[in-house]
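Build the full structure now, drawing on both the sequences and the hints.
Residue numbers (our numbering), protein chains in the order written: chain A, 1 to 665; chain B, 1 to 145; chain C, 1 to 324; chain D, 1 to 127; chain E, 1 to 341.
Each hint can be trusted.
Pairwise CB distance ranges, derived in the manner of DEER restraints:
1. D:109 to E:30: 52 to 62 Å
2. C:165 to D:31: 51 to 61 Å
3. E:207 to C:290: 49 to 59 Å
4. D:119 to A:471: 37 to 47 Å
5. C:292 to E:39: 39 to 49 Å
Calculated directly from the structure, the hints in this document are not laboratory data. C-beta atoms are modelled at their ideal positions from N, C-alpha and C, and glycine is treated no differently.
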Amino acid sequence: MQRIGVFVCWCGSNIAATVDVSAVSEALSHEPGVVFSTNYQYMCSEAGQNLIKDAVREHKLTGVVICSCSPRMHEMTFRKAVASTGLNPYMVEIANIREQCSWIHKDKAAATEKAIILGRAAIAKVHLNAPLTAGQSPVTKRALVIGGGIAGIQTALDIADAGFEVDIVEKQPTIGGKMTQIDKTFPTLDCAACILTPKMVDCAQNEKINIFAYSEVEEVKGFVGNFHVKINKKARYVDTTKCTGCGECTEKCPMKKIPNEFNLGLDNRRAIYIPFAQAVPKVATIDPDHCNMLKNGKCGLCAKVCSAGAIDYKQKDETIEREYGAIVVATGYNPIKLDQYDEFAYSQSPDVVSSLEFERLTNAAGPTGGTLLRPSDGKHPHTLVFVQCVGSRCSQEGKGKSYCSKICCMYTAKHAMLTREKYPDTEVYVFYIDVRSPGKNYDEFYRRAVEDYGVHYVKGMVGKVTPRSDGKLMVQASDLLAGEQMHIEADMVVLAAAIEPDKSARPLATMLTASMDTNDFFTEAHAKLRPVESPTAGIFLSGACQGPKDIPDTVAQAGAAASKVIGLLCKDQLTCNPCVAHADQLMCNGCSSCEKVCPYGAITYEDKEFRMPDRTTAIRRVASVNEAVCQGCGACTVACPSGAMDLKGFSNSQIMAEVDAICKM
Amino acid sequence: MQDVKTFRPKIVAFCCNWCSYAGADLAGTNRLNYPADVKIIRVPCSCRVNPMFILRAFQRGADGVILCGCHPGDCHYSTGNYYARRRMTLLFSMLDYLGIEKERTRVEWVSAAEGAKFAATMNEFVETVRQLGPNKRLEDLRCKK
Amino acid sequence: MQEVMLEKAKELLQSGAVDRVLGWKAGEFAYDITPCVFASAQELEAGFVYNDFCGNNLSKYLIKESRKGGKVLAFLKPCDTYSFNQLIKEHRIVRENVLVVGVPCQGMTDGETLKAKGVKGILGIKTEGEDFVINTLYGDRTMAKKDALPERCLSCKSKKHVVYDELLGQEGDKLDSGRFDLVNKLEAMDPEERFAFWRGELSRCIRCNACRNVCPACSCEKCVFDNDASGVAQKAAADSFEENMFHIIRAFHVAGRCTDCGECSRVCPQNIPLHLLNRKFIKDINTLYGDYQAGEDTVSRAPLTNFTEGDAEPSIVTKGGKKA
Amino acid sequence: MNKFDKEQILHTSGVNVLKCMRCGKCSATCPSYDEMEYHPHQFVYMVEKGDIEKLMASKSIYKCLSCYACVERCPRGVEPAKVVEAVRLQVIRRQGANHLTPDDIPALLDEDLPQQAIVTAMRKYSK
Amino acid sequence: MRKIAKEKLGALLAAVGRDKPLYIPALDASGQARFTRWHEGLEMARALNTVRSAKDFFFPQTENLVDFKVKGKQIEIIDPRSEQEDFVLFGVRACDARSFEILDKVFLADPVDTYYQSRREHGTVVTLACTQPEETCFCSAFGIDAAAPEGDAQVWMDEEYLYLSARTQKGDKFLESVRALAEDGGEDAVQRQQEETRRVMAKTPLAGLNLEGFDGEHLNPLFDSEKWAELSQACLGCGTCTFVCPTCQCYDIRDFDTGDGVRRFRCWDSCMYSDFTKMAHGNPRLTQVERFRQRFMHKLVYFPANNDGQYGCVGCGRCLSKCPISMNIVKVAKELSKEVR
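Shown next as structure tokens:
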């Protein structure tokens with residue numbers, strides 16, 4: 001039986017005017033377990049706190065009930081006061097007799113009666129309280145950034161700037177991501193390479209940053225502050241410490257007909273290649289699927305021409321294991337596949353291209369050297385049709401995406417404008433459903449395309465693109481404002497494909513136990529207030545992995561994610577909330593219901609050997625809660641049919657005791 | 001049967017710590033009246049409320065039970081109230097199916113800023129339950145005095 | 001079918017593909033069949049049976065059987081396979097230790113059902129075409145098989161096996177047999193009638209726990225109602241509240257997990273139509289959150305561990321069963 | 001606003017016209033566009049507004065080929081052709097004798113009637 | 001022997017039920033028979049037996065033993081019992097009638113269970129002879145004659161008459177209360193009916209059930225038999241068999257916290273439950289095999305060994321028809337008899 005002390009606060013007249021405080025302390029003194037009961041003018045004052053401390057010592061109290069203002073106000077104050085006497089701070093319960101009693105009731109008798117009941121409920125709860133200790137866990141002072149696009153780069157640079165080590169894992173041979181493929185950037189039209197490549201170089205040169213390019217995350221264990229990650233560094237068959245990036249090998253390689261991913265297959269590369277001139281790290285990579293030496297053991301030309309002796313055909317994948325305190329997901333996006341859009345003849349005609357392909361066709365470092373030429377015959381196109389919302393805002397399952405891809409309106413305006421600027425002899429049509437251009441200088445940018453560059457914006461959609469034998473593309477579209485169907489003989493059609501999260505995101509989310517929405521975008525901890533954190537503690541989100549974003553938004557979010565990481569890594573120890581879930585493993589069925597409702601991925605399962613009631617031993621799958629990750633919401637406790645899962649500080653029996661105490665009068 | 005005029009129902013209100021409990025505090029700060037028949041139990045999240053607690057309250061003599069949580073989408077724990085919503089919908093439907101007055105149970109989303117809504121909800125709920133009279137269909141005679 | 005199954009079982013035992021066979025064993029009378037694990041061909045020969053009285057759902061036994069080491073052959077009827085899948089989903093059965101052989105089912109009857117139709121002193125039952133010829137202490141009696149079926153089989157949801165390694169006989173289809181008709185009927189009553197109906201039914205409960213112990217969804221290591229620390233443990237229904245409490249909480253705990261096999265109602269010695277509680281939840285889930293059949297697969301998220309932002313509010317429940 | 005006809009049309013077509021996002025792809029893809037006074041996207045929009053008399057009076061309802069290109073292409077799954085068909089059906093219903101059961105068909109069968117016509121008639125008159 | 005025309009059955013019940021509680025088998029909502037308090041218009045069920053046995057009236061499923069009221073730090077102890085009134089149980093079958101003898105041996109032996117005793121003293125058992133036994137009946141194995149049930153008074157019923165005969169003083173009082181309706185005679189009709197019933201009974205499939213060897217002598221071989229594991233294999237561990245059983249007499253005493261005190265009550269317990277006889281140290285029977293064995297060993301071996309050979313079973317057949325997996329005392333006895341013969 002607990003020895004409970006009851007302390008009723010007057011709060012000056014705030015409580016005492018409506019609640020007969022001495023009647024409350026008198027009534028509660030008769031409750032089982034109560035060995036001391038008093039009332040005082042201001043419990044939260046120093047004198048009041050001393051009164052509590054003295055009573056705890058003098059009456060050897062094991063539990064304290066304070067009838068006062070809301071626990072949201074002074075729970076911490078009283079917990080600290082009690083802790084100073086050596087009693088566990090979680091043996092304190094507050095009965096809220098101010099905000100939820102004296103302030104809302106006028107009738108003194110009724111308010112007093114209610115205050116007594118609330119006091120009883122708190123006493124009933126304290127009877128079942130157990131001392132709780134907040135756990136501490138250390139923080140590994142290193143962050144991992146998954147994805148080396150502009151989001152990952154910016155996050156890494158910002159974290160490194162604060163003095164913490166950062167590793168970037170990038171699955172491509174170079175960092176840089178999608179932005180490396182882009183020509184100019186809206187709304188200022190500065191060249192992407194000019195603003196991106198210096199950052200890539202910064203990354204490479206920053207001694208706090210370690211780049212694992214051509215690598216993938218293989219396994220993630222642990223929790224906030226203490227992640228243990230296995231990274232698979234794929235074999236490049238080139239010793240990166242020796243390779244100077246001179247490019248001699250890529251000149252000599254006889255395998256010439258390999259579609260170049262960097263240019264989206266619009267031209268070819270060799271079996272040994274450097275993705276582009278400014279690649280970081282600038283080292284060659286052998287594509288094992290196409291290298292004759294690796295496939296058949298014949299050739300070896302690159303090794304012969306490499307003066308640095310960097311070629312190593314025997315190189316193997318390497319597994320790197322490292323510890324991290326925080327993980328940032330920056331896995332980015334991809335345009336969706338357009339094969340299903342037969343109506344736009346994407347698969348039939350090389351002159352129907354995606355917007356990203358169009359970027360390469362206009363990029364000085366692209367396959368055409370920056371001159372806009374039709375992929376089919378290399379001729380200059382005169383009529384161009386841009387189609388917006390291809391696969392965006394589409395509810396057809398398996399074909400498109402229900403969301404707006406956000407960036408297409410702006411880059412299409414950019415494409416149209418640049419085309420008209422460079423080639424004033426062209427006619428450019430943009431078919432739109434809505435033009436969405438919120439953002440600083442965005443709408444002005446779009447208006448410039450229309451007003452200064454004479455781009456034809458048509459409200460309507462393209463219904464059909466038919467390639468004609470003479471090379472023209474017959475575009476049939478509706479002009480909704482004119483109420484007519486348009487038929488355009490186009491030379492090129494550019495499709496603004498919807499964007500979707502990278503395919504690697506889903507398995508990664510599973511590894512991280514981070515939640516995703518139905519579109520495979522990572523879910524943020526709070527849509528408004530915690531936009532760069534995953535609900536899973538220690539996992540942060542940067543860039544388009546969380547939702548479609550343009551470059552300015554991505555960089556802003558990357559910085560925000562970095563600041564959250566820095567905030568975490570600054571701490572030496574993480575103090576956990578002691579009111580966390582706890583699984584009674586003897587009763588656990590291992591059914592996984594609790595895991596499914598846990599927003600934090602705090603619940604894992606293990607196969608454990610148990611001594612069963614019949615004295616046999618059995619291996620059973622049981623849940624365990626990571627106290628460092630659990631936030632104590634209690635969703636699991638109700639999902640658990642056997643009641644094996646309970647919440648410390650708000651246990652089933654505590655809540656039921658409160659219910660009983662409240663209902664019994 | 002007690003007179004409707006003198007009958008004072010016992011109401012248990014489960015409030016989530018982050019929104020509704022704060023909303024109840026705000027009702028107090030703004031001195032918004034509601035009957036003393038309502039007693040609040042603080043829980044971390046509406047998803048902490050087990051159907052067993054609700055039945056327990058009725059067993060022990062409650063005449064009405066109300067669960068308040070953050071508005072859907074605003075849960076401090078992101079998703080807790082979504083689960084609570086499904087659980088309570090099904091539980092209430094089952095109570096109704098068993099012929100137990102559904103008006104004795106209620107879920108209301110009250111944000112930390114909605115002190116007025118909290119008070120109005122409580123006033124309305126107490127009145128509804130008062131009209132229904134004492135809980136007879138889900139009572140435990142052993143707990144009656 | 002019994003012969004085919006017997007041969008299959010013996011063959012698999014013989015070849016060492018399985019170590020044990022989970023099936024049904026004949027009893028004293030024509031209808032009192034007991035689930036049984038057979039370890040040899042001799043045992044099978046002596047007692048293995050598959051006929052119109054093999055109503056027991058065998059899936060729950062596999063929780064233990066699949067952990068005993070060795071491989072067990074389990075003959076599962078279509079509705080048993082739903083329970084099996086659900087248990088796989090909840091990690092209760094070790095899948096690789098079970099060889100599932102699906103067997104067809106045309107509905108299963110039992111002695112109680114026949115007796116409720118007025119048959120007395122059953123000495124033997126023969127099947128002749130679509131009829132049972134029942135030899136009793138008081139003369140012979142013929143009854144159409146379909147008239148002898150209990151409600152759970154008349155409102156069968158599926159004759160299709162959702163999981164099997166091998167299938168014997170013809171695969172059936174999912175059925176639409178109006179299994180929610182009775183729920184609809186109850187919903188249409190006014191609350192007073194419904195209350196009276198359920199009080200009449202649940203007041204008969206003797207808390208024997210047969211419904212819980214037979215239920216494949218009730219596979220807890222320790223049930224809350226057996227756990228003194230849970231605050232709701234009880235041994236006997238000592239008050240009408242406890243009868244309600246037990247059945248509400250039990251239905252809630254299996255909501256979204258109950259495959260609607262109907263075993264609860266079959267075993268209830270007091271003939272309480274307990275499956276109508278579970279079906280109410282199934283119907284609500286289907287209506288409110290989209291069609292969901294527990295046990296149909298092993299991966300989908302159960303309705304109560306899932307949500308959508310636009311879910312119905314609890315206020316959708318309206319008095320008198322008339323949905324708004 | 002013609003509420004009755006609107007409800008009938010929504011019911012027989014089974015289309016939720018509110019799903020339309022006004023992109024016009026249905027009309028962009030329509031092979032009969034030039035023949036029609038009202039175009040597929042207008043059918044959807046006008047039914048939503050309840051502006052149905054005009055549609056019913058228009059020859060456009062007979063110009064639709066029921067090729068279902070608009071149904072196939074619509075990004076929101078609105079199914080404009082079904083709306084057109086429902087309007088057409090509404091006109092037929094107003095003319096009376098609008099219903100056919102499978103049992104009525106044998107008596108009406110004509111040797112020369114193409115199979116497709118029978119199926120189409122069935123689709124139209126049995127709703 | 002007295003006889004009453006069958007159409008006067010209603011009047012008979014009314015004569016008894018008017019001044020004191022009378023319980024007769026009547027159909028419930030699910031079409032099964034149960035003992036129901038008689039009221040005007042309640043019809044007696046034709047069923048052979050009730051789902052729950054008649055033991056409920058002497059040993060109810062739950063029973064309040066004592067109440068504690070807590071006021072502040074004071075505890076008051078209250079005996080909740082009120083004066084027991086006389087009551088009549090009508091239509092008890094021979095098997096159930098015999099079960100009271102078994103229960104008496106438990107509850108009326110020293111120390112006497114006063115709760116049970118008071119009910120026994122105030123209850124009059126009027127039995128009804130069986131005419132159409134079921135295949136699940138095996139009362140004859142325990143020397144019970146379904147055609148000549150025991151009890152305070154016996155009743156036989158045919159198409160025309162009820163025949164009544166008293167066996168005890170309480171029975172005499174019962175006959176006295178319906179005296180106005182009755183006339184003398186009927187011995188021949190009863191004898192004819194008894195012969196017919198006994199003839200059918202002999203034809204029942206379990207008529208030959210032989211319990212030879214189930215005694216204290218063979219306790220060890222029976223207890224150690226390897227058959228138990230196999231027999232209990234499918235047992236669900238539910239309490240159906242024990243709760244429908246007329247002779248199962250185990251109970252648990254529990255406290256219910258009423259909020260302002262404690263209600264101490266006893267309720268039926270089942271040896272099939274995992275927490276049966278759980279003590280501070282834990283549970284003596286850890287597996288279902290042991291729990292299953294306990295039930296049948298108790299009925300077939302321990303009880304007769306301690307009670308002059310009287311078995312703890314009356315062959316009513318309820319567990320045979322109600323067991324969810326159709327495992328029962330007959331199957332157990334048949335299988336185990338191989339161990340002792």
